[in-house]
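Student: Following the hints, complete the assembly by docking chain B onto the known chain A.
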Amino acid sequence: MILLGDIITCEDILGKEVILPDARVLGIATKLYIDKNKKKIVGISVDTGFMRAELFVGIKHIKKFGKGAIFLSTYPFELLKGKEVVTTQGRRLGKVRKVKRDNKEPIALIIETREGHEEIDYKKIVEIGDVIVVEGK
Amino acid sequence: MSKVWSLEDWDKAGGKYKYSIFFSQIKGKEVISKDGERMGKVVDVVFSPTYFLGVVVKYKGKKYVIDKEYIYSYGDKIVLRERMLFSYLGKKVFNAEGEYVGKVVEIVRDKNGEFRGIVVRKGFSKREISKGKIKLIKTNIILR
Chain A
0 MILLGDIITC EDILGKEVIL PDARVLGIAT KLYIDKNKKK IVGISVDTGF MRAELFVGIK
60 HIKKFGKGAI FLSTYPFELL KGKEVVTTQG RRLGKVRKVK RDNKEPIALI IETREGHEEI
120 DYKKIVEIGD VIVVEGK
Chain B
0 MSKVWSLEDW DKAGGKYKYS IFFSQIKGKE VISKDGERMG KVVDVVFSPT YFLGVVVKYK
60 GKKYVIDKEY IYSYGDKIVL RERMLFSYLG KKVFNAEGEY VGKVVEIVRD KNGEFRGIVV
120 RKGFSKREIS KGKIKLIKTN IILR
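In order, the protein sequence lines correspond to chains A and B. To convert, note that position 66 of the first sequence is 65 in numbering that gives the first Met the number 0; the numbers rise steadily by one, no gaps. To convert, note that position 107 of the second sequence is 106 in numbering that gives the first Met the number 0; the numbers rise steadily by one, no gaps.
In isolation and in its complexed conformation, chain A is listed as follows (with noise of 0.2 Å):
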């Protein structure tokens, strides 16, 4: 049974923000995906900033479609490059070029370091913030 509470529109989706799993504003919703075959949504497209590209979140992403904005439930990995990778001691490894992937899963940060490329296991990761935090000295 459909509740006409857990039903929500375009109007409900565009134009609001999307809120990362960190609380940072990512962007507004301006697009909506919607498989015809299946008639399932698929995701939506997100306006990043004038003269950022817009990414695609697809909707096992996204954790809640909230009155005020939509919150995601992982950080979309094209947001990781180009972010300083600092271990917990506090040594500086470099900057995030890639996220290694398998089967869309991510499994490994390719690190852009001072001697050249460094591979971390994705599972290392403490935090990503402003930094993104590994375990190591």
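A hint or two may mislead.
[Claimed, not checked] Below 27 Å or equal to it, Euclidean Cα-Cα: the simulated DSSO-like pairs (lysine-lysine) are:
(1) B:90 x A:94
(2) B:90 x A:63
(3) B:90 x A:15
(4) A:136 x B:11
(5) A:97 x A:80
(6) B:33 x A:99
(7) A:62 x B:132
(8) A:59 x A:39
(9) B:40 x A:123
(10) B:28 x A:123
(11) A:82 x B:33
(12) A:38 x A:59
(13) A:82 x B:134
(14) B:130 x B:59
(15) B:40 x A:94
(16) B:102 x A:62
(17) A:66 x B:102
(18) A:99 x A:123
(19) A:82 x B:57
(20) B:132 x A:63
(21) A:35 x A:103
Calculated directly from the structure, the hints in this document are not laboratory data.
Tutor: For chain B alone, kept in the frame of chain A given last:
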């Protein structure tokens, strides 16, 4: 035995001097919390009168003292055990439905100086929100 060292001798010294850090090594260093948020840069250190008390950071144009007990590690950056209360100021607050509640304009403490809550302003109105109603504090604040 003289306790005045030349820098060359200091570098060779072991024991309690082995892991010493000079002000010049930490001045200007970025400070981050363990959850990856930037907390400013070191501009000074505090002593009282012969032992190290903490560091002074400049964060969004203002200076704050951080007690050494909050310092987790020294490296290329200084890592703090937790986020500092001063970083809450200016953060946007959203409720559990994502509705904008306002911006943090004040930190509320109890008589013992412990964090009790925040004061949020939206337009001309202000309201106090107790810490128990706060679900997440990171780049912005989400309420329960």
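Student: So, for every hint listed, does it hold in this structure?
Tutor: Hint check:
Between residue 90 (chain B) and residue 94 (chain A) the CA atoms are separated by roughly 26 Å; this keeps the pair inside 27 Å, and the hint holds. Using a Cα cut-off of 27 Å, the hinted pair residue 90 (chain B) and residue 63 (chain A) holds, with the two alpha carbons roughly 22 Å apart. The straight-line distance between the Cα atoms of residue 90 (chain B) and residue 15 (chain A) is roughly 19 Å, inside the 27 Å bound, and the hint therefore holds. This hinted pair checks out: residue 136 (chain A) and residue 11 (chain B) have alpha carbons roughly 23 Å apart, not beyond 27 Å.
With a CA separation close to 6 Å, the supplied pair residue 97 (chain A) and residue 80 (chain A) stays within the 27 Å bound. Between residue 33 (chain B) and residue 99 (chain A) the alpha-carbon distance is near 24 Å, which keeps this suggested pair within the 27 Å criterion. For the suggested pair residue 62 (chain A) and residue 132 (chain B), the alpha carbons sit about 20 Å apart, so the restraint of at most 27 Å is met. As the CA atoms of residue 59 (chain A) and residue 39 (chain A) are separated by approximately 12 Å, the hinted pair is consistent with the 27 Å bound.
Between residue 40 (chain B) and residue 123 (chain A) the alpha-carbon distance is near 26 Å, which keeps this suggested pair within the 27 Å criterion. In summary, the hint linking residue 28 (chain B) to residue 123 (chain A) is supported, as the alpha carbons are separated by about 24 Å, within the 27 Å threshold. Taken as a hint, the residue 82 (chain A) and residue 33 (chain B) pair is honoured in the structure, with Cα atoms around 15 Å apart against an allowance of 27 Å. For the given pair, residue 38 (chain A) sits about 16 Å from residue 59 (chain A) by alpha-carbon distance, which is consistent with the 27 Å threshold.
About 25 Å separates the Cα atoms of residue 82 (chain A) and residue 134 (chain B), which keeps this hinted pair within 27 Å; it holds. For a cut-off of 27 Å, the pair hint linking residue 130 (chain B) to residue 59 (chain B) stands: about 23 Å separates their Cα positions. Taken as a hint, the residue 40 (chain B) and residue 94 (chain A) pair is honoured in the structure, with Cα atoms around 19 Å apart against an allowance of 27 Å. The straight-line distance between the Cα atoms of residue 102 (chain B) and residue 62 (chain A) is roughly 24 Å, inside the 27 Å bound, and the hint therefore holds.
Distance check on the hinted pair: residue 66 (chain A) and residue 102 (chain B) sit about 19 Å apart at the alpha-carbon level, within 27 Å; holds. In summary, the hint linking residue 99 (chain A) to residue 123 (chain A) is supported, as the alpha carbons are separated by about 14 Å, within the 27 Å threshold. Taking the CA atoms of residue 82 (chain A) and residue 57 (chain B), the gap is about 22 Å. The hint holds against a cut of 27 Å. For the given pair, residue 132 (chain B) sits about 19 Å from residue 63 (chain A) by alpha-carbon distance, which is consistent with the 27 Å threshold.
With a CA separation close to 23 Å, the supplied pair residue 35 (chain A) and residue 103 (chain A) stays within the 27 Å bound.
When the structure is compared with the earlier hints, no violation turns up for any of them.
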